[in-house]
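Undergrad: Based on the provided sequences and hints, a complete structural model is requested.
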Amino acid sequence: MATALEWALAILGEILIAIGAFFDVVAAIGLLRFPNFFVRLHAATIGAIGGAFVPLIGVALLAAGCGFLGPYRWFMAGAAAVTAVLILILAPVGSHILAKAAHQSRTAVVEPKVVDFLEEDRAARERQEGAGGGEQ
Amino acid sequence: MQLETEVMLFLTCVIPIFVGAFIMYLIRALKGPTLPDIVLAIDSLSYDLAAFLGILAIYFRSALLIPCAIVLALWVYALDLYVSKYLISREMGE
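In order, the protein sequence lines correspond to chains X and P. According to the working numbering, the first sequence is numbered sequentially starting from 26. According to the working numbering, the second sequence is numbered sequentially starting from -2.
If you are wondering where the hints come from, they were derived from the structure by calculation, not from laboratory data. Keep in mind that the hints are not guaranteed to be accurate.
[To be verified] Short derived list, chain P residues pointing at chain X, Cβ under 7 angstroms:
{"hint": "1", "residue": "Ile12"}
{"hint": "2", "residue": "Ile14"}
{"hint": "3", "residue": "Tyr22"}
[What the hints assert, rightly or not] Chain P is faced by these chain X residues, among others (derived, beta-carbon under 7 angstroms):
{"hint": "4", "residue": "His67"}
{"hint": "5", "residue": "Ala69"}
{"hint": "6", "residue": "Gly75"}
{"hint": "7", "residue": "Ala77"}
Cβ coordinates follow ideal geometry from the N, Cα and C atoms, glycine included.
TA: Written as structure tokens, this is what we have:
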């Protein structure tokens, strides 16, 4: 018979998994509908943190609360928490290096743009290098 | 026994939502115009697949599915690193 603590853990985990499913669908729609790469990056970060980190914490709580899973449920809870922390660290770093590489190699356009100091600095540096190379 | 039926009913309702999101990610990964778009879609797809593996592990009551999620998260980070390295310097890292 399930105790009150198991019920509380299971319901808390289910709430987190439901929030994660909602953010997952939102991120997928955004990734499908947004116009270009740097705008889609916003939707992708929602999908990584809201759609993967939050439901994995929910899976950890739910596995800790489900007594019918047997003694291996502690292994499941611990491994799910470790995966959640890994995704919390690795997903922003991955999207950041991808955005930096896309900007630096000019594969993606910066379309809704107010100001782009990185591009201006690079253009000025290249002009300076070109002038220096011409003198030699 | 009551908790078990409630949890199984909840997971049965949640799994189709995740599968629908995966289909939308796959469409973006297949038709993404540039290379960073494809990598970004595969990135999000794999992180959410890791969460989905955790849900499947509870649904099938098998603890063996969880370590696959850790490996998946780490390999997708490696994919990010290699593609960024290729985009910047036009060569794979050695």
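Undergrad: Would you mind marking each hint as holding or not holding in the structure?
TA: Status of the hints after comparison with the structure:
A cut of 7 angstroms between beta carbons decides the hint on Ile12/P: the least distance to chain X is about 9 angstroms, and the hint is violated. Because the beta carbon of Ile14/P sits about 4 angstroms from the nearest beta carbon in chain X, less than 7 angstroms, this interface hint is met. Taking 7 angstroms as the C-beta contact cut-off toward chain X, the hint placing Tyr22/P at the interface holds, the least distance being around 5 angstroms. Annotation: interface hint on His67/X violated; nearest CB of chain P at approximately 11 angstroms, more than 7 angstroms.
Given the 7 angstroms rule on beta carbons, the hint for Ala69/X holds: about 5 angstroms separates it from the nearest Cβ of chain P. For Gly75/X, the interface hint is violated, since its Cβ never comes within 7 angstroms of a Cβ in chain P; the closest pair sits about 10 angstroms apart. Evaluation of the Ala77/X hint against chain P yields a held restraint, the C-beta minimum of about 4 angstroms falling below 7 angstroms.
Checked against the numbered hints above, the structure breaks hints 1, 4, 6 and satisfies the rest.
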